[in-house]
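Participant: So the protein lines, in turn, are chains V and A.
The first sequence begins at 218 in this note's numbering and counts up one residue at a time.
The second sequence begins at 9 in this note's numbering and counts up one residue at a time.
The set of hints was computed from the structure by calculation and includes no laboratory data.
Heads up, the beta-carbon is just placed ideally off N, CA and C, and yes, glycines get one too.
Among the hints, erroneous ones may be present.
[Unchecked claim] Per the computed footprint, the stretches of chain A lying under chain V, defined by three or more beta-carbons under 8 Å from a beta-carbon of chain V, are: (1) 16-22; (2) 194-206; (3) 389-402; (4) 420-431.
[Unchecked claim] Stretch-level coverage of chain A by chain V, calculated; a stretch enters the list once three of its residues show a Cβ under 8 Å from a Cβ in chain V: (5) 25-35; (6) 256-262; (7) 405-411; (8) 448-460.
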Amino acid sequence: MRVALFATCLADRLYADACADAVRLLRRLGVEVHFPAAQTCCGQPALNAGHVAEARRMARHTLRTFRYADHVVLPSGSCAGMLRTHFPQLLEEPEATDLAARTWELSEFMVRVLGVTELGRGLEGRVVAYHHGCHALHELRVHDEPLTLLANAGARLASWEASEECCGFGGLFSVKFPVVSAGMADRKLDTLPPVDMVTSADGGCLMQMSGRAGRRGLAIPFRHLASVLWEAAS
Amino acid sequence: MSAHHPRGYKAASARAVLERQDMRASVTAATRNFDGNRATAWREIDADTWRDWARDVKRHALTHLGRYLEEAEARLQANGVRVHWAENAAEVHDILGRLLTRHGVRRIVKAKSMLTEELEVNRYLEGRGAQVRETDLGEYIIQLLGQPPSHIIAPAIHIGLEDCRRLFTERFGTSPDASPEALAAAARAALRADFLSADLGISGANFLAADTGTLALIENEGNIRLSTSAPRVHVALVGIEKVVPRLEDLSGFLQLTSRSATGQVIGNYVSLIHGPRRQGDPDGPEALHVVFVDNGRTRLLSDDVAWETLRCVRCGACANICPVYRQTGGHSYGFTYSGPIGAILAPGLLGLKEAMPLPFASTLCGACADVCPVRIPIPELILYWRERAVEAGLVPVAERLGMRAYATAAEHAGAFASAGALLRWVPWEAGGRALPVLGGWAGQRTPPRLSPRSFRSLWEEGIR
């Protein structure tokens with residue numbers, strides 16, 4: 218099987234190692250991974266802020282970049298949600314709808330497409346809190362997939378009251394209303410039980426929560442799901 | 009309330025987060041409780057099918073609104089109800105003023121109604137010298153404090169038990185550690201006299217069935233039933249979007265609304281009001297007036313995207329699950345309706361410019377869409393208003409130009425990679441806080457840690 222990796226603009230710069238781990242993981246599962254060099258940003262930051270014309274330009278560029286891929290896999294639920302939910306409405310062309318049906322968040326791809334639920338026991342005994350990114354949860358309806366992969370690798374999933382609540386990032390929201398955004402991150406941090414690590418499929422959420430934890434002097438390891446799953450498999 | 013207007017949102021919401029830790033805790037606990045009860049109550053029924061049904065009935069009613077309003081008017085008149093039409097708050101005030109004179113009204117009891125808040129009815133009536141008493145316990149508390157409601161169904165949700173105890177000790181001499189039951193009893197005793205001496209009761213309506221002219225009111229405290237039946241005169245203010253075609257539609261709407269609002273199967277009291285007291289009736293008002301209120305609704309109905317907002321049944325479920333609302337409370341919005349529905353009702357009812365920046369007061373997390381009983385696509389409508397705001401030039405010029413430059417770079421991978429490389433030179437720790445746009449952001453967080461090398465360059469070298 219051939220898969221095009223869409224690293225996403227944020228993970229490319231902030232979670233480069235997680236993208237590399239996603240590649241290693243997919244290869245381990247027998248997938249041939251490509252990295253279409255023309256890829257940039259899916260346009261979600263623009264769309265969410267109401268800049269629809271700009272979002273459409275970036276969506277069209279992304280569609281052109283990935284139109285011939287069998288599957289597009291992203292280490293991000295949020296950007297995957299953009300391709301799947303918003304591209305068809307934004308571009309109004311059959312190719313966008315077609316691309317939407319071939320777009321997957323990484324853990325979703327492994328479970329739903331590859332049918333893989335066991336990666337190894339690399340997380341034996343580790344206490345892990347999982348943050349459900351909002352777009353994975355509410356747009357892609359991805360919920361059990363990452364949890365299954367983590368639990369089957371031996372992780373003990375911590376019960377976290379706010380695990381399905383928004384972290385407060387929201388792209389430009391965190392710039393326009395930084396204090397409210399930080400208050401939302403605090404709700405996540407204040408309800409977090411003692412864990413070995415917090416993980417999530419979305420770099421944006423991890424950046425938000427770890428940045429706030431850092432400002433408050435809290436030493437909590439935040440790690441991208443792709444890296445944690447690679448550790449599970451190694 | 010300083011500057012109770014949407015334009016004060018940024019400052020008010022920041023103040024709420026920084027200075028009102030107690031309020032955030034009360035609101036978070038109460039809304040989580042509501043939402044948990046809603047989820048349980050939804051699991052008892054085929055909620056998704058009922059939500060489809062409710063959406064479709066409301067859509068039908070709204071697309072045939074003129075017909076159903078005429079039918080409702082005819083039925084109400086046949087039932088002995090006087091019907092009035094008001095285009096805006098000023099016309100509502102005029103109608104109420106004439107009714108005060110005609111019926112010799114000095115004392116008024118009010119059932120909880122968000123529409124009367126929207127229309128600033130209390131301010132007007134008190135200006136006319138009438139005594140106005142809110143009779144819903146939460147409304148009563150905030151009336152004593154001189155505050156507007158901060159939640160659609162729980163107006164005093166931002167008030168903790170301790171604040172309430174202090175208020176009641178001052179007002180009624182209850183003991184400083186009185187139980188919630190004792191506080192409610194003190195309020196009930198005080199309100200009893202108001203009910204018995206009132207000349208006029210004012211209510212809103214949850215629904216109005218067009219085929220029978222029936223007003224439906226859901227509540228838990230019994231104060232609405234008293235307000236609408238004890239005084240000589242009852243005036244119901246009804247938003248024109250409240251009309252449903254048939255009485256039997258209420259069987260679905262009453263329980264779906266209750267289940268979504270509080271998780272109850274149905275409110276403790278449901279009043280179905282057909283008209284004033286008839287010959288031989290033991291109680292009820294001598295005169296019943298229904299005022300149909302537009303106040304921006306027709307204009308919103310004519311918007312072929314945002315008209316879906318008018319399906320709202322005011323259950324508050326979207327606010328209960330909203331992570332932004334939980335941090336800021338409802339007053340920050342500076343608008344009668346707060347939470348996600350407020351963010352899309354404000355531009356619809358006030359006009360976009362007046363409503364700024366409320367459509368931006370959301371992370372678009374999508375939780376609200378999953379709990380709306382009438383399936384209003386709230387995140388899509390938030391995006392719609394943001395798009396309109398950009399078109400209308402209501403966002404900063406720098407943001408528009410920045411976005412344009414970003415999109416242009418993103419169409420060329422090489423340029424995009426070069427621009428991305430500049431991130432490394434941003435003086436995050438030293439000067440990050442002083443950056444023009446990111447200053448506030450950097451003040452609240454440590455800067456993002458850039459990977460030593462981009463993934464693109466790792467890939468070019470080969471991943472092992």
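Participant: Are there three or more residues in the segment 420-431 of chain A whose C-beta lies within less than 8 Å of some C-beta in chain V?
Facilitator: Our answer is that it holds, as 5 residues pass the Cβ test (under 8 Å) against chain V, meeting three.
Participant: Tell me if chain V covers the segment 389-402 of chain A under the three-residue, 8 Å CB rule, please?
Facilitator: With 7 residues close enough to chain V, the hint holds.
Participant: Examine the segment 256-262 of chain A for residues whose CB is less than 8 Å from any CB of chain V, and state whether their number is three or more.
Facilitator: Since 0 is below three, the answer is violated.
Participant: Mind checking, does the segment 194-206 of chain A have 3 or more residues with a CB under 8 Å from chain V?
Facilitator: It is violated: at least three residues are needed, and the segment 194-206 of chain A offers just 0 whose Cβ sits closer than 8 Å to chain V.
Participant: At least three residues with a C-beta closer than 8 Å to a C-beta of chain V: is that true for the segment 405-411 of chain A?
Facilitator: It holds, with 3 qualifying residues against the three required.
Participant: Residue count check for the segment 25-35 of chain A against chain V: does it reach three with CB-CB under 8 Å?
Facilitator: Three-residue rule met by the segment 25-35 of chain A, so holds; n is 3.
Participant: Are three or more residues of the segment 16-22 of chain A within 8 Å, CB to CB, of chain V?
Facilitator: Held - the segment 16-22 of chain A has 3 residues with a Cβ nearer than 8 Å to chain V, which meets the minimum of three.
Participant: Can you take a look at whether the segment 448-460 of chain A is actually covered by chain V? Rule is 3+ residues, C-beta closer than 8 Å.
Facilitator: Since three or more residues must qualify, the claim that chain V covers the segment 448-460 of chain A holds, with 12 doing so at under 8 Å.
Violated hints, in rising order: 2, 6; the structure is consistent with all others.
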